[in-house]
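Add chain B to chain A, keeping to what the hints say.
For the record, the sequence lines run as chains A and B.
So the first sequence is residues 0 to 414, counted in numbering that gives the first Met the number 0.
So the second sequence is residues 0 to 414, counted in numbering that gives the first Met the number 0.
If you're looking for bench data, these hints aren't it; they were derived computationally from the structure.
Some hints here could point you the wrong way.
Quick list of in silico lysine to aspartate or glutamate cross-link-like pairs, EDC-like style, CA-CA up to 20 Å [unchecked claim]:
no.: 1; chain 1: B; residue 1: LYS305; chain 2: A; residue 2: ASP165
no.: 2; chain 1: A; residue 1: LYS305; chain 2: B; residue 2: ASP139
no.: 3; chain 1: B; residue 1: LYS169; chain 2: B; residue 2: ASP237
no.: 4; chain 1: B; residue 1: LYS305; chain 2: A; residue 2: ASP263
no.: 5; chain 1: A; residue 1: LYS226; chain 2: A; residue 2: ASP237
no.: 6; chain 1: A; residue 1: LYS340; chain 2: A; residue 2: ASP373
no.: 7; chain 1: B; residue 1: LYS226; chain 2: B; residue 2: ASP237
no.: 8; chain 1: B; residue 1: LYS226; chain 2: B; residue 2: GLU187
no.: 9; chain 1: A; residue 1: LYS305; chain 2: B; residue 2: ASP373
no.: 10; chain 1: B; residue 1: LYS174; chain 2: A; residue 2: ASP373
no.: 11; chain 1: A; residue 1: LYS174; chain 2: A; residue 2: GLU187
no.: 12; chain 1: B; residue 1: LYS305; chain 2: B; residue 2: ASP139
no.: 13; chain 1: A; residue 1: LYS169; chain 2: A; residue 2: ASP150
no.: 14; chain 1: B; residue 1: LYS169; chain 2: B; residue 2: GLU229
no.: 15; chain 1: A; residue 1: LYS174; chain 2: B; residue 2: ASP373
no.: 16; chain 1: A; residue 1: LYS169; chain 2: A; residue 2: ASP263
no.: 17; chain 1: A; residue 1: LYS226; chain 2: A; residue 2: ASP259
no.: 18; chain 1: A; residue 1: LYS305; chain 2: A; residue 2: ASP373
Here are some chain A residues the structure puts well away from chain B; computed CB gaps all over 10 Å [unchecked claim]:
no.: 19; residue: VAL19
no.: 20; residue: ARG37
no.: 21; residue: ARG59
no.: 22; residue: PRO63
no.: 23; residue: ALA65
no.: 24; residue: MET72
no.: 25; residue: LYS73
no.: 26; residue: SER95
no.: 27; residue: ALA130
no.: 28; residue: ALA147
no.: 29; residue: GLN181
no.: 30; residue: CYS221
no.: 31; residue: VAL337
no.: 32; residue: MET350
no.: 33; residue: THR397
no.: 34; residue: LEU402
All C-beta atoms in this analysis are idealised placements derived from N, C-alpha and C, irrespective of residue type, glycine included.
2 protein chains.
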Amino acid sequence: MNAPVNDLLAAGVCVNPFPVENGELVVGGMPLSRLAARVGRTPFYAYDRGLLIAHARALRALLPPAIHLHYAMKANPMPALVQTMVGLMDGLDLASAGEMKVALDAGCDPRVMSFAGPGKRPEELWQAVAAGCTINIESDAELPHIRAAADGLGVRPRVAVRVNPDFELKSSGMKMAGGPKQFGIDAERVPTTLGSIGREGFEFVGFHLYSGSQTLRSEAICDAQRKTLELAVRLAQDAPGPVQVLNMGGGFGVPYFPGDVPLDVAPVAENLRVLAEEARTTLPGATLVIELGRYLVAHSGIYVAKVLDRKVSRGQVFLVTDGGLHHHLAASGNFGQVIRKNYPVVVGTRMDATDTESSSIVGPLCTPLDLLGDRMELPRAEPGDLVCVLMSGAYGYTSSPHLFLSHPAPVEVLV
Amino acid sequence: MNAPVNDLLAAGVCVNPFPVENGELVVGGMPLSRLAARVGRTPFYAYDRGLLIAHARALRALLPPAIHLHYAMKANPMPALVQTMVGLMDGLDLASAGEMKVALDAGCDPRVMSFAGPGKRPEELWQAVAAGCTINIESDAELPHIRAAADGLGVRPRVAVRVNPDFELKSSGMKMAGGPKQFGIDAERVPTTLGSIGREGFEFVGFHLYSGSQTLRSEAICDAQRKTLELAVRLAQDAPGPVQVLNMGGGFGVPYFPGDVPLDVAPVAENLRVLAEEARTTLPGATLVIELGRYLVAHSGIYVAKVLDRKVSRGQVFLVTDGGLHHHLAASGNFGQVIRKNYPVVVGTRMDATDTESSSIVGPLCTPLDLLGDRMELPRAEPGDLVCVLMSGAYGYTSSPHLFLSHPAPVEVLV
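So here's chain A without its partners, still in its complex pose:
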């Protein structure tokens, strides 16, 4: 396909995967200014279908065929994008009944959908039992609701156990396991839960272990995967049936900031090959699943805002745009970041410019938090130019407080 995809394959995920033509970023095969005209207004998120497909295929080619790939919808649940992912993945991971609706509408087979999360509401559990997807049990408190749904609906529930292991994913952006956690059932208590599942007569699907996310170090991921398999083999001894599926979580990180080195997937692929081979004897019949969200979609998306004003205040240049924190909280540095760093930002309509200056990208909000780029060296831009925040395909649109200051919500397009 196009050259950037090759870079992307080589590097795991690269930071700017979009081609440039006549000084403009090309997204979904369309120059940015034309795409903006097609969308009809700014700001908007655009996701590049070609990049999504190429990246998923490239990853698939790297990984051993025995490994199944699931898409964690929470990263980006845009319906058209999910529809595309259904065709590329072996299954979907859901975090709410809202995501389940989108997955079902996209035509995904409920047997390859798994629903995880603490605090599942009773009605969500009923919905999941009715749909026939796998429920990753995170607390024994879910069992009576699943029982009631089974009786009320006359359906045999499909359940797996989400385990809170006794280890964590090292070097991860977010740790979701080890020590006391709201996620999953503590490993040492899993046998009790497995006993309950057996007595209830639910269909036992397997285990789900998600130890953390956003790691750029392959050895940390390999280490967690190995421990995950070992723990699953141990826990399987108390299971009411064979493990059909072992969801090993994800954790594959993407580079956002200067100095971030893209994850090297090759050692992870080799590790998975070895583990899959081992599992043929230690967990016979089990499918090993890797669950990825951000890693599959982050690079394919950009957030596009129009420059309304180039304002110079006491020597500092502010590009005031029609977009900001309310549309892209993570890029403003207010979503779990301790230290604010600049996301990769480009002036998508001046990609060939050589006349650069230090500019801050701000939005229309009445708060100094509304900062998409802090004193970045960028082409000198003018009102009408389009500023793009790259690496915005995951945890962008849905992770942002759209209602803040009552501005219009951004548009989302898949191109």
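Frame of chain A; chain B shown alone:
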């Protein structure tokens, strides 16, 4: 009225202004469990109309009559609440055309509405000119759009100048002035803008200076107000007409965290009395306006979520609720806070309980960021109990990423 309001008057704003009856928080005169039944589902935000009114009146009684009070809608633009505030305030401050619509629908006179913010879109400027509200100009780039709107609509625009002063509000949670800023026109360049306004023949309304927000130190506020008046008097020399309105901003903070001492408003009131007296000679005919958002509404609101599960993981108690970060970003510590601190949280259905334990309040999201209370000493709660985050009337509902993980949005009620 009720006792808590008296506490509130005494202390500026107190942290828990709601009465307790039969072990339950009473909001808008209704026990919490009954209110939850009236709302029909959890989670929800509830704002107490009686507290809003009592607090506004108490503040009014403290301040000199010459000072006008404006409500900054950005803090909470819920239409019913804005309607209430219109009846209590002398005017409204708007941050977007979306807020302007709510203000107009609430029956507010456009002549006491002022519209501030960087990056006003051209169509927003047209709307503001058409409505007849005051536009606080933050950049010379707004002038041609206002000119075009004036010509196109045959309306004489009402404009003020938002000034980026050469000082800042000390000890403030957010600094919005001093040094290079996207907000307002640098003080030293204001005379040029005033000249342009005169040549355009726009109606000159006055000045807007907003130096910062969320200060608990009255002397810092007094200092900023004094400097604001001095600067306005100096700038008025170049104005194309008399200053009708001087919006001195706000900055009045509220206590959220243990150790926060409520703002003592009395010295601020005395300072305003002196300044208003001075202004009768230095800015004859000018109305002095104080613009408050958070201070007027924060204490009156609570966010209510239901406990779905009391989960013990490796000795730590997690109250897993149906609400979380997606509904209340600030309480999770992810909205501008450098160090996460616990918002005031109570179990609203167990206010008399003596059996307490260390509990973490979490939500249904698949991220460790989803934390409304970190190891707080709280009554031992069970599924069905209602957890309340106090001090949630400002920057709660609209400042949160409702779409995150595709859960239902919270309800908002004014009781």
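For the pair supplied as a hint, A:LYS305 and A:ASP373, is the alpha-carbon distance within the 20 Å limit?
The hint holds at about 17 Å.
Does the claim that A:MET72 lies outside the interface with chain B hold up, using a Cβ gap greater than 10 Å?
8 Å, violated
Verify the proposed pairing of B:LYS226 with B:GLU187, using a straight-line Cα cut of 20 Å.
Judged against 20 Å, a Cα distance of about 15 Å means the pair holds.
So if I understand the rule, the pair passes when the alpha-carbon distance is 20 Å or less; does A:LYS174 with A:GLU187 pass?
Since the Cα atoms of A:LYS174 and A:GLU187 sit roughly 19 Å apart, the hinted pair holds (cutoff 20 Å).
Per the stated criterion, does the least C-beta distance between A:GLN181 and chain B lie above 10 Å, as a non-interface residue requires?
4 Å, violated
Does B:ASP237 lie within 20 Å of B:LYS226 when you go C-alpha to C-alpha?
Since the Cα atoms of B:LYS226 and B:ASP237 sit roughly 18 Å apart, the hinted pair holds (cutoff 20 Å).
Within a Cα-Cα threshold of 20 Å, do B:LYS174 and A:ASP373 meet the stated pairing?
Within the cut-off at roughly 16 Å; holds.
Between A:LYS305 and B:ASP373, is the straight-line Cα distance small enough, at 20 Å or below?
Status violated; Cα separation ~40 Å.
Claimed clearance of chain B by A:ALA130, with the beta carbon kept past 10 Å
15 Å, holds
20 Å Cα cutoff - pair A:LYS169, A:ASP150:
42 Å, violated
Between A:LYS169 and A:ASP263, does the CA-CA distance stay at or below 20 Å?
16 Å, holds
Decide if the proposed pair is consistent with the structure: B:LYS305 and B:ASP139, CA atoms, cutoff 20 Å inclusive.
50 Å, violated
Hint compliance for this structure: hints 1, 3, 4, 9, 12, 13, 17, 24, 25, 26, 29, 31, 33 and 34 are not met, and every other hint is.
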